[in-house]
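All chains, please: the whole structure from these sequences, using the hints.
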Amino acid sequence: MQVPTHVEYERASSVDEALEMLSRAGGEARPLAGGHSLIPMMKLRLAQPELLVDISGLTELSYINVADAELRVGALTRHAQLLDSAVAGERLPIVHDAERVIADPIVRNWGTIGGSLCQADPSEDLSAVLAALRATAVIRGAGGVRTVPAREFHAGPYETVVEPGELLVELRIPLTANTGSAYEKVERRVGDWSVAAAGAVLTLAGELIEDAGIGLTAVGAPHFCAPEAEEFLRGRRAGEEAFTTAGQIAAEHSNPVADQRGPEDYKRHLAAELTTRALRKAFERA
Amino acid sequence: MTAPTITSIRAGRIGDSPQRPDGRQKVTGEFAYSSDLWLDGMLWGATLRSPHPRARITGLDITGAVAMPGVFAVLTHEDVPGRETYGLERPDQPVLAIDQIRYQGEPVALVAADHPETARRAAGRIRVSYREEPPLADARAALAPGAPSVHPGGNLVRHVRVRRGDPDARAAVVVTGEYEVGMQDQAFLGPESGLAVPAADGGVDLFVATQWLHVDRDQVAASLGLDPDLVRITLGGVGGAFGAREDLSMQIHACLLALHTGKPVKMSYSREESFFGHVHRHPASMRYEHGCSAGGRLVYVKADIVLDGGAYMSSSPAVAANAATLGIGPYEVPNVVMDSYAVYTNNPPCGAMRGFGAVQACFGYESQMDKMAAALSMDPVEFRVRNAMREGSVMPTGQVVDSAAPVAELLRLVRDRPPPPARDTGDLRSLPGGVSNTTHGEAVVRGVGYGVSIKNVGFSEGFDDYSTARVRLELTGGEPSAQVHTAAAEVGQGLVTVLEQIVRSELGVERVAVLPADTTIGSAGSSSASRQTYVTGGAVRAACAEVRSQLLARAGDPAAGSPGNRPPGLAGAAGLGDLVALLGKPAEATVTWRHRPTAPLDPGTGQGQAHVQYAFAAHRAVVDVDTELGLVKVVEIATAQDVGKAMNPQAVEGQIHGGIAQGLGLAVMEEIQVAGGVVRNPSFTDYLIPTILDMPPVRLDMLELADPHAPYGLRGVGEPPAISSTPAIVAAIRDATGIPLTRIPVRPEHLTATQPDEGPDPPSAMIMGRNAPHRVPFDPRS
Ligand SMILES: Cc1cc2nc3c(=O)[nH]c(=O)nc-3n(C[C@H](O)[C@H](O)[C@H](O)COP(=O)(O)OP(=O)(O)OC[C@H]3O[C@@H](n4cnc5c(N)ncnc54)[C@H](O)[C@@H]3O)c2cc1C
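Protein chains in written order, with this note's numbering: chain A, 1 to 286; chain B, 287 to 1068.
Hints in this document: simulated from the structure, not taken from any laboratory. Keep in mind that this is a model prediction, so the values were computed, not measured. Take the hints with a grain of salt, since some may be wrong.
Looking from chain A toward chain B, a few residues come up when the C-beta cut is under 8 Å (computed) [unchecked claim]:
(1) Leu83
(2) Glu184
(3) Gly262
(4) Asp265
All residues carry an ideal CB built from backbone N, CA and C; glycine is no exception.
Next comes the structure, spelled out in structure tokens:
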């Protein structure tokens, strides 16, 4: 039995109300979405908020739609909803690749996309996916709405640029023509977090790579991405040679640490191999 | 509060597969495990454990804990009224640490409080000053002259020597190898738990999940300073055992707290504490040399096997004997020089686990058999068959194998199974990495490997191995019904079902109740060593024969005097009417039953009739390996096993599947990682047990070659499946990759030519009570 310390609880019925509750409590309040990350943190006393603002009933933040050549995903969308979304599956296979291997059905049924990103775990799969896709995060606070590129969303492990009193409300993912994408993950056992994972997004112009996005999970890549490998690929002929070299570049710029999921050298090896495989698959799908 | 009487009116005799009486309850979550025990007004016990593997205790201050509201008792070793140590073979393990610490997690103090959280926090307020000392963490180094001693008298727990034939024999082809086995955990799902209730007569009643009630009782009584009759143990619902419940965990602790407070005390370990609360499988370091004629006949085997027993003895001496006597495998070898050592270190204590010494050795000798086959350019199955033991073969101990030993036949059966279908790249579950999406067939190579094993059944080396059973036949509601009472632990293996089947077959009645196992009847021995159906089954059969004989005497039948005879009158439907008439008063018999005796090993040569029965199994593993990512998928296991008599075919199959899963775990997943005496992965997040997605289909050939010495001709089935499945899988991975794997479990980094490393510093955690303490470094994933 792990028992959190005393905590106040309020349930918000609108985003405005939630923002108001959060700012009233100052830095000591936390939004509660699915609770799959926050509640364990509280049980272990690693998070000790004074107030929980329950936002799980804010259906206005639960949606998936297309507008202005973007897929827009409300922050309270559950993993399972994203996995069920036909438009996400068709246009952004990388998202479905990843969602299929995030946790287990129970977590996916209740855990939210917003909670997942705001938890900012270095092993979080969606962070790499959104970095590869060059998505944009929409953040709302008392002062209004601001947007932040996914690649600037994380301030460090378990830290984001969302300020106390703000909420992540939406993610915007560009839908680009002639583009394929894929996500490849190695886990120790089904349902586990990544030992390492890589996502790739390739936009082609004929045989040439017009643009590339590479996301890396759990290997200490700054901002979950591999800009050097992307740079290498841009303008190059798509193919095995380019993909293999890009994988090596991505691995060189990653900085994994040894832990229970594997030794450093093996994780770096995976970064290379998985990047190559994800590129290969993205190319097939483009 | 007492364990439920498991009554069954399901039909099913020997050879049938009736539904288990506890099956539905377990599947629906209604079964009461020992962790569900509850009494109003009970207290909760918590254990303070050492974070260090080796240290001196220089100070212990309990005042902070005692002062906490809700705390009823805080105990240290000074509060142990009787013997301050316990142990299965020798009492070398302190009930609570006495001035020094020999392994990480050693219990130091106990708390009883009115709430588990209070107990846990109070334990955290006990101030212990430790003077840390460098741990002795390497088993071979522990044997070196000048190594610091973990216990007075040195670090050698036992050296078993086996010598047969010419120690200087030479051979045309020689292969050598060094092999290592990591520390496997039994990983049962129901952590250690129980409830101790103080009794008016000064004694205590203990309800607990265990494997062997009577040795628990004797050890508890000795430490409490009580007459054994004042300690009454009843089996609680057991959530798996696999050997880990043969030693004590919270038994003495809960009883101490109950007697000190005068209140019932419940203790229930968290998953993390469970990793520190029971013994594990001995890690092994083995050196083998095999000599063979050019024609492929084994000439000699020389081996030394070092088993890391950790800080306390537990059953290490018997494990060492198994490794030594079974350590060349089920092969005929005229010349053997075998030395097996169990040693003390400051690693976690190791003891019984399914396969018990045979597992470690099997990885060594089967790896060698493949290596030799390759050196001879022979087919690995053909080479094994050529050297296979058979009935009448002589063990390295000089013991003649005097019942079926169909080693060659088992090997041929698995070899001749049709191969599994080719990879289906459309089904990710069937590929290395499983559903994690990483392999779509790239770099995947298939491999095939074989393993065959030998295991002793029952307790060996002259141990007085017996069981006690009471069978009572009476009329209930005008119908004959039987009650069976033994102290044999149902640990999930299905013993209760089999005992019912035996009674139905022997007495011809359908209604059978198996009473809760407790110490009001004589010992049944341990639910281990694949022995319980054999020994307690034997006792129940003998008690039934007595009952039958009593009834026949009542009927004036002249066959009454010879209980061995089986007159059809009682078993057949025709006799049932008579039976009702004869049961004017109940018929009851209590029988103590022994299997034929064994003998100790000669200490110089290891010669002796040490084992009562041998069991054999063969495995063929087919694997797919993603050679770039180092991921393994076991595609299929084909197995063949001689079970003598399938008392309950479905239960046999269950044992075989489960054993294979455990063998697969040891091959590629399961290891307690210990660095410098400190456990790095005490959780099911980081200690990886196979899931249903890791487990391949099993193709099974079951032989029933009766053993004339055993009841019903049966042969113990529980352990062999867990023994040779492991080397078969490793052989298959070698076949796929060409990498000479010498250590299990095989890890992805071994298959990708990347550097293994030591990983981060382990947590310095104080483990206590039911819960992971919050001072353990945070991993939100656990
Ligand atoms: C067993 C298990 C396995 C898992 N495996 C994986 C895995 O393999 N891969 C993976 O990527 N993830 C994995 N996860 C993580 C899982 O995806 C997250 O726990 C879940 O998505 C978090 O969402 P939530 O809604 O439950 O967040 P919560 O727990 O409610 O919140 C998490 C954090 O985000 C904050 N927050 C939530 N919503 C907002 C918002 N809209 N604006 C600002 N802050 C907000 C909260 O205050 C809190 O700090 C696993 C989790 C579990 C429990």
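Task: Given hint Glu184(A) near chain B, where the shortest CB pair must fall under 8 Å - done: holds (5 Å)
Task: Interface restraint verdict for Asp265(A) against chain B (beta-carbon cut-off 8 Å) - done: holds (4 Å)
Task: Interface hint compliance - Gly262(A) to chain B, C-beta minimum distance less than 8 Å - done: Holds - the Cβ of Gly262(A) comes within 8 Å of chain B, reaching about 7 Å at its closest.
Open item on the list: The hint names Leu83(A) as touching chain B; please verify it with the least Cβ-Cβ distance against 8 Å.
Closed with: violated (13 Å)
Figure legend: structure checked against the earlier numbered hints; the only hint not met is number 1.
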